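A.B. asks: Each residue of the sequence shown is one higher than the one before, counting from 1 in my numbering.
Worth flagging that the hints you see were computed from the coordinates, not collected in a lab.
Be aware that a few hints might be false.
As the list claims (entries may be wrong) - Each computed DSSO-like pair below joins lysine-lysine, with the alpha-carbon atoms no more than 27 Å apart:
id: 1; residue 1: Lys-135; residue 2: Lys-200
id: 2; residue 1: Lys-394; residue 2: Lys-438
id: 3; residue 1: Lys-438; residue 2: Lys-135
id: 4; residue 1: Lys-363; residue 2: Lys-394
These figures come from a predicted structure and were not determined experimentally.
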Amino acid sequence: MTTDLVIVGAGPAGLSAATEAAAQGLSVVLLDENDGPGGRIWQALESRGAMNAEDAAALTVIRQFRACGAAAHWGATVWAIEPDGTVFWSRQGAAHATRSRYVLLATGATERPLPVAGWTLPGVMTVGAAQIALKTGGLVPDANTWIAGQGPLLLLYTVQALRAGGRIGGILDLSDPAARWRAGRHLPAAALRFGGDLWKGLRWRQEIRRAGIQWLRASDLRADGDGRLQRIRFRTAGGMREEAADLLLLHDGVIPSMQIPRAVGCPQEWNHAQHCWQPVTDPWGATSIPGMFVAGDGGGIRGAEAARASGRIATLGIAHACGKISARTRDEAAASPRATLARLASLRGFLDHLYPPLPIRLKDATLVCRCEEVSAGQIRRAATLGCRGLNQLKAYTRCGMGPCQGRMCGTTAAEVLAEVHGVPVGEVEPFRARFPTKPLVVGELAALEQMAEHG
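Model the full assembly from the supplied sequences, consistent with the hints where possible.
C.D. replies: The structure is reproduced here in structure tokens:
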């Protein structure tokens with residue numbers, strides 16, 4: 001049996017797309033690795049309940065999805081997609097295959113790696129990972145926790161942790177002080193339409209200040225310890241400083257999750273503003289791969305509200321392609337979400353200029369590929385021997401060949417190669433992904449063979 005649409009990912013884009021698809025009469029199957037709807041940004045929201053107006057709006061989206069009638073499979077890991085629309089996925093050790101006329105990738109974003117000396121020590125993790133632990137397990141940080149990096153998530157997580165009873169030793173702002181001046185010309189447009197959001201950020205800063213948490217402009221951060229994190233060292237205006245630390249949380253924004261689009265063969269383009277690769281799509285989210293669409297942050301970082309809008313737009317395009325609605329109905333229904341995207345563009349322009357990716361300045365000994373233990377020095381040596389792209393780098397060093405398949409090291413390795421060759425990072429060939437995009441066991445493949453034998 002063939003379904004009209006398989007949606008991969010149940011964040012804001014995937015949920016809105018599924019609800020719209022069901023309303024347009026499409027048969028829908030939604031697949032997500034989590035235990036329920038929400039993606040990372042709304043993770044476990046149903047069990048936690050709404051704490052503010054944003055949570056309440058998100059819960060409304062989730063409830064609308066729950067009521068729309070779309071089939072959903074939780075704990076489902078998608079690891080391959082065939083050209084004929086067959087989606088392969090696993091759950092609880094068993095493999096499954098679902099054939100679909102159209103596939104919508106709503107796989108969201110992943111945190112941009114922020115490698116510093118010692119970042120592989122136990123006790124160093126990302127702010128996003130700490131936020132997941134807070135949302136799903138109620139785990140809160142203690143006084144020897146430090147946060148370092150840049151971006152709105154530093155503020156948001158700190159406030160969430162404080163309100164949950166956590167404690168923070170200090171926040172190290174690694175952002176470029178000159179960026180605020182470059183972002184200044186985008187501030188009037190952003191403030192005109194999003195003054196409330198900007199004011200909310202200022203209130204978070206005040207809440208952090210009232211809690212007595214140090215906010216320090218810093219650079220040259222490193223993590224140290226004997227077998228695990230014990231202290232951090234960093235430079236401030238007053239010189240080098242050392243602090244005891246049991247936990248260091250790093251963050252430098254997010255980038256589109258590109259593993260599945262790359263493996264499918266979607267053409268990609270370099271986003272100069274966000275300093276990352278993203279799929280090439282038309283105004284309806286369609287890629288050049290027949291039947292393959294992309295929506296949400298996986299197609300370019302724009303935030304949850306924009307993800308919802310792009311999910312609806314992509315589904316309207318699919319509904320028209322399926323013959324469910326006319327071009328006129330499609331265009332009229334898409335007018336509202338398109339207006340939302342246009343309205344949000346001013347805020348995104350401001351944030352992109354305020355928080356450009358931090359420059360990568362790694363000592364040779366710093367690990368870049370954690371899976372294969374490849375250092376920055378090894379990558380530099382490969383570059384001097386003639387290596388110019390990430391796929392060549394696999395042959396030179398095995399960088400990107402571990403279990404994460406380049407998710408954690410790809411952006412950093414490209415930065416190192418670009419540095420050696422003196423070219424923009426966008427000119428460094430990115431990793432080519434191959435299916436399966438997630439590790440499999442032989443038993444899962446055997447289950448597929450048994451399914452084929454029994455028809």
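A.B. asks: Could you work out which earlier hints the structure fails to respect and list their numbers in ascending sequence?
C.D. replies: none
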